[in-house]
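Number of protein chains: 2
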Amino acid sequence: MSVLIVGSTALDSIKTPGREHPRLLGGSASHAAVAASFFSPARMVGVVGTDFPRRYIQLYERHGIDLAGLQRLPGKTFHWSGEYEANMNNRRTLLTELGVFEQFNPVLPAEFQRAPFVLLANIAPALQHHVLDQVRRPRFVVADTMDLWLNVALPDLMRLLPRLDAFVLNDSEARQLTKTDNLLAALRKIHQFGPRYVVIKQGSHGSVLSGPRGLFICPAYPLRRVVDPTGAGDSFVGAMMGYLAAAKGPVDAHIRRAMVYGSVVASFCCEGFGLERTTKTTRPEIEKRVREIEGMTKF
Amino acid sequence: MSVLIVGSTALDSIKTPGREHPRLLGGSASHAAVAASFFSPARMVGVVGTDFPRRYIQLYERHGIDLAGLQRLPGKTFHWSGEYEANMNNRRTLLTELGVFEQFNPVLPAEFQRAPFVLLANIAPALQHHVLDQVRRPRFVVADTMDLWLNVALPDLMRLLPRLDAFVLNDSEARQLTKTDNLLAALRKIHQFGPRYVVIKQGSHGSVLSGPRGLFICPAYPLRRVVDPTGAGDSFVGAMMGYLAAAKGPVDAHIRRAMVYGSVVASFCCEGFGLERTTKTTRPEIEKRVREIEGMTKF
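Chains as they are written, first to last, in the numbering used here: chain G, 1061 to 1359; chain P, 1061 to 1359.
Careful: at least some of the hints might be erroneous.
Copies of the same chain are indistinguishable here, so a pair counts whether it falls within one copy or spans any two.
Distance condition first, Cα-Cα at most 30 angstroms in a straight line; then the derived DSBU-like pairs of lysine-lysine [what the hints assert, rightly or not]: (1) LYS1348 with LYS1249; (2) LYS1358 with LYS1348; (3) LYS1075 with LYS1239; (4) LYS1358 with LYS1308; (5) LYS1340 with LYS1075; (6) LYS1075 with LYS1249; (7) LYS1308 with LYS1136; (8) LYS1136 with LYS1249; (9) LYS1348 with LYS1136; (10) LYS1358 with LYS1136; (11) LYS1308 with LYS1239; (12) LYS1136 with LYS1239; (13) LYS1358 with LYS1075; (14) LYS1340 with LYS1308; (15) LYS1308 with LYS1075.
Don't read these hints as lab results, they were simulated from the structure.
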C-alpha cells in the first residue's frame, strides 16, 4: 500500500566544523519520503520555488516518489541554514528563509485522498489539520512535530492529537509538552491527549513506543561516525510508515519491527550530509543492519 | 560460586527537594554485595568505624553476606553527603568525611583469596591493585570506577585495566578516559587498554556491553518514579556478578542476561533511599521485571 507524506521540502545549508554544505536537499517530507520508498510507494505533498534544482526532482523520481502533490510556485524554495558543534549534538539555526513555504497550502490530488497510510511530517499543525480534512478513511495516521510548534501553535497541536493513531516526538519535546522528566509519566499524559501509539525519540539512545501491547524499547543502530544527523528523525518515521504500509495484517503486529527499520534508515541518514548517504542505501544494506540489531538485543 | 566484593562501606546522608535522609547505609561494596546476594553468596571486604550502626551489620547478615573481611577500626565510618536536584539527574556533593576509610588496607581472609568471581567495586585503583595482588587465579575479575580516580589516580587505573576481564564505567567517565563522544570509538579504545569486556553504563538509557560476541544493548527497566539513584551503578554490577557466579558454563554465554538482571536490581535500588528498597526485594520480583524487559525488547 502507499504512504502519503506531507511536510516540508527545503534546501539545507549545513555548517560543520571545517566544512560547508550549501543547498542540500532537505525538509521533513524529503527525508521521510526517500526513507519510506525503500518499502512502499511514497506520495509526497510539498512546495518548492522556481530555484529548486532539477537534480533533486530527479532524486525523488529515482526513488519512485509520486510528485503529483508537489507544488512549484514562483519564488524561492524554503532555505534553512544551521551549524553543528564538533560533537554533532548541538545545532544552531543560522538562517530561516521561508520563501514559497509561507504560502504553502497542501492540496491533495484526488488519488492521494484515499491513501491508507498518512504521515504528517513536521510542518505547522494547522497544515497537518488541513491535510487530514482532505483524506478519506485512512487506516493509520501518524504525525511528527518540533519544538517550534509547541512554542507557537500549541492549541492547534493539542486539537490534532485526538485525530492521530500515532504521535512521534523527541524526548525534549515530550518533556516540554508534558512538563515531566519521567518517560512513563510523559507517555501516559500524551496517551490522554489522544493517540493510541506514542513514540518518543531519544537520538543516539534509540526510541520508545507505548501502545496497546505495552512498551517497546527500540535501540539506535550504533555508528562509528555521525556525519550529519539532520533528517534522522524524519527518516525514522518515514521508514517506519513505509514498512507498515508494506506489511500484511494489523499495524500492531508490525510496528515494533517497523521502528527497527526506522532506526536503521535513520542510521544511514546520519552517515552523510543531507540525503547523500540515504539515497545510495540498498535494501540488502538495510536488512543487514536490522539483523545486526537483532544480534545486539538478544539475551 | 561466591563473589568477592571489595569497595567502600559508608554512611550516606542524602538530601532531595523537601526531604533529608541522614546516615543511610551506602558505599559501593554495600550496594554491590546486597545486589549480588540475590544470586550467589557474597563475601565483602571493607572498613567501618566504631559508629557503624548494628542494624546495618544485621542488614548484611540478613543477605547472608560473609563479613569475615569487614574491618572495624577506631574512628568514624566514611560519611558522604549529597543533594539531588528535582529531576534526580544532577547530584552535588555537600560533604565527604573519609574517617577510617583513609586507613583502609584491604586484607583478604584466607578463604576469600580463592574467590572465583572478583568485583573491585568503586574504590581507589591502588586498593583495587592491592586486592588483585592477594587473590589466586580468579575466573573473572571486574572493576568499576568513578570520575574522581580518572582525575587523581589515572596512572594507577591505566595499570589496572590489563589485569581485568571486564571494566565497567559510565558514559561520562568513558568520554573523559577516551576523549571521544562516539560510543564505538570509546569501546575500542578501552579494549586496547586491556579488558576483553567493556560495559558502558548510560543511566536511564541502560548500558552497552562490548565483548568477544560483539555488542549487547541492555535496556534500563523504566520506572514510574526515581526516588534515589545513589548506588544504582554498584547494584547493577553487583547483580551482574552474582548472576554470573551462579550460572554454569562460560561467562560469555551468560553475561548478557547477567546485565539484564543488573538493570533490574538497579531499578529496585532507584525506588528507595539508600538500600531501603533493594533490601526488601524478592527473587520473584526480580524475575518478573526480567520477563517484562524481555517483553519490551522483542520485535
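Go through the numbered hints given earlier and state which of them the structure violates, listing their numbers in rising order.
7, 8, 9, 10, 11, 12, 13 and 15
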